[in-house]
Amino acid sequence: MAEASYPSDLKYHPEHDWARVDGDVATCGITWYAQEQLGEVVFFDPPEVGATVTKDEPYAEVESVKAVSDVIAPLSGEIVEVNDALSSGPEAINDDPYGEGWLVRVRLSDPSQVDQLMDADAYQASLE
Amino acid sequence: MAAGTDTLKRTPLYDRHVAAGARLVPFAGWEMPVQYAGIREEHVAVRRAAGIFDVSHMGQIETAGPGAEALLQRLLSNDVSRLREGGAQYSVLCREDGGVLDDLFSYRLGPDRFLTVTNAANHARDLAWFEEHASGHDAAVRDRIADHAMLAVQGPQARALVGALTDGELPARFHTAVLTVAGAPDVLVCGTGYTGEDGVELLVAPAHAASVWDAVCAAGARPAGLGARDTLRLEACYHLYGNDLSEDRDPISAGLGWCCKEDTGFIGAEAISRVRSAGPAEKLAPFVVTGQGIARQGNPVAGGGVVTSGTFSPCLGQGIGMAYLPAERAAPGTPIEIDVRGRARTAEVRSRPLYSKES
Numbered sequence: 001m002a003e004a005s006y007p008s009d010l011k012y013h014p015e016h017d018w019a020r021v022d023g024d025v026a027t028c029g030i031t032w033y034a035q036e037q038l039g040e041v042v043f044f045d046p047p048e049v050g051a052t053v054t055k056d057e058p059y060a061e062v063e064s065v066k067a068v069s070d071v072i073a074p075l076s077g078e079i080v081e082v083n084d085a086l087s088s089g090p091e092a093i094n095d096d097p098y099g100e101g102w103l104v105r106v107r108l109s110d111p112s113q114v115d116q117l118m119d120a121d122a123y124q125a126s127l128e
Numbered sequence: 129m130a131a132g133t134d135t136l137k138r139t140p141l142y143d144r145h146v147a148a149g150a151r152l153v154p155f156a157g158w159e160m161p162v163q164y165a166g167i168r169e170e171h172v173a174v175r176r177a178a179g180i181f182d183v184s185h186m187g188q189i190e191t192a193g194p195g196a197e198a199l200l201q202r203l204l205s206n207d208v209s210r211l212r213e214g215g216a217q218y219s220v221l222c223r224e225d226g227g228v229l230d231d232l233f234s235y236r237l238g239p240d241r242f243l244t245v246t247n248a249a250n251h252a253r254d255l256a257w258f259e260e261h262a263s264g265h266d267a268a269v270r271d272r273i274a275d276h277a278m279l280a281v282q283g284p285q286a287r288a289l290v291g292a293l294t295d296g297e298l299p300a301r302f303h304t305a306v307l308t309v310a311g312a313p314d315v316l317v318c319g320t321g322y323t324g325e326d327g328v329e330l331l332v333a334p335a336h337a338a339s340v341w342d343a344v345c346a347a348g349a350r351p352a353g354l355g356a357r358d359t360l361r362l363e364a365c366y367h368l369y370g371n372d373l374s375e376d377r378d379p380i381s382a383g384l385g386w387c388c389k390e391d392t393g394f395i396g397a398e399a400i401s402r403v404r405s406a407g408p409a410e411k412l413a414p415f416v417v418t419g420q421g422i423a424r425q426g427n428p429v430a431g432g433g434v435v436t437s438g439t440f441s442p443c444l445g446q447g448i449g450m451a452y453l454p455a456e457r458a459a460p461g462t463p464i465e466i467d468v469r470g471r472a473r474t475a476e477v478r479s480r481p482l483y484s485k486e487s
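Line by line, the protein sequences give chains P and D. Each residue of the first sequence is one higher than the last, beginning at 1 in my numbering. Each residue of the second sequence is one higher than the last, beginning at 129 in my numbering.
Hints were generated in silico from the structure; no laboratory data involved. None of the values given here were measured: they were computed from a predicted structure. No residue lacks a Cβ here, since even glycine has one placed at the ideal position from N, Cα and C. A few of these clues could be false.
Unchecked claim - Some chain D residues flagged as far from chain P (calculated, every beta-carbon gap over 12 Å):
#1 Pro239
#2 Glu259
#3 Leu293
#4 Pro408
#5 Pro442
Stated by the list, open to error - To give an idea of the chain P side of the interface with chain D (calculated C-beta under 10 Å), a few residues:
#6 Val42
#7 Asp45
#8 Lys55
#9 Glu61
#10 Ser64
#11 Val65
#12 Ala67
#13 Val68
#14 Asp84
#15 Ala85
#16 Ser87
#17 Asn94
All chains should be built: construct the whole structure from the sequences, respecting the hints.
This is the structure in structure tokens:
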């Protein structure tokens, strides 16, 4: 997606991750800003289903042609699903970071952590 | 680089890069475009059509005078006496112990006049080295970096595209010619490049750089950044100083024995000759990652060795690189295992180049 976009139904982590929270499960990915900084994504190395992730800690790696970056967990919990389509089409992270480019789904161990994340306006303000 | 952005040098094409939406990064003291639209697109444009690179950060040293050939024969690893007027030659610059100070292209512009192109990060050191060893030779060493912008036009369509902008015939591969290009007089056109594609490099007066850039772009060359330059050169298995070459590595281990002619008596020849006859303990070898993952510079290889360049190959669609490996495990076809940030990634040694048109 060519134009910057920060959907208002998502929650944002300062390390440029987003979470779409539905009950006690959150879908997570990286923001438009993150994919733009990274450049063309050529490889996503997903965690294993069942792995535990901890808020503010790295849980996966995403690589562009030039560099590798850690992906930081916006929330704590257990990985219940990974986006397998990214293994053959990692460019979805650039093309559709909030849709086809989602990375993992996490069953939250502490749903109250959601309150610590930013809304779209606050996140966008943090980029300026 | 420790230098802040306020002290970075800019090439005469800086405004063009900004206007084209380049991402500019510090590189060897210069503010250089790493990419415009994207590394992969630029890379593919060079492989399929033509790209233009601003490589004005590269330096030039002129060596002139009756003793110029003798001085360069002492400094450069190749046989400079075989470099003819209008020709180009690749060589390495070595210390007495064979450690590599730089890798360079030299052009013979006249019977007693040479221009040697340096890597940006090494230019000052190379220049000091040339000057230090010039005493006793009837030759003048001059820094020419301020007199040139340098544009590389590369790709299967590069020659046709530049040829249409010139008044004369383009030089053959590894040759040079002085031509008017897009109205700019006295452009040194060199049939060289570092992408694995055919093409030319243009050494042009800084005042004319922007008009030549504009004309070559208007003719259809795609601006390409240092990011694509790196993926292109690595697919072609060309060395990058600071990654694959350093003062701690000799040219034989680096696979550059072909450009070392020890009988010319250049500085480092004795040490290099010893490595050549004994056989190097480690050899630089190209590899592809056969499974998942992308190896990067500094990743260790199981059983010994280290990756010195690693990236994602846009043409092959997988991780590629070069690594120094124990000589007995450096033959094409040898499986290796690379430790990529704690994960074992499988790879295989290949022959060079990793990518060619026929593959």
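Each hint tested on the structure:
no. : hint   : in the structure
1   : Pro239 : 44 Å, holds
2   : Glu259 : 36 Å, holds
3   : Leu293 : 31 Å, holds
4   : Pro408 : 30 Å, holds
5   : Pro442 : 7 Å, violated
6   : Val42  : 4 Å, holds
7   : Asp45  : 7 Å, holds
8   : Lys55  : 22 Å, violated
9   : Glu61  : 7 Å, holds
10  : Ser64  : 8 Å, holds
11  : Val65  : 4 Å, holds
12  : Ala67  : 8 Å, holds
13  : Val68  : 7 Å, holds
14  : Asp84  : 13 Å, violated
15  : Ala85  : 15 Å, violated
16  : Ser87  : 8 Å, holds
17  : Asn94  : 9 Å, holds
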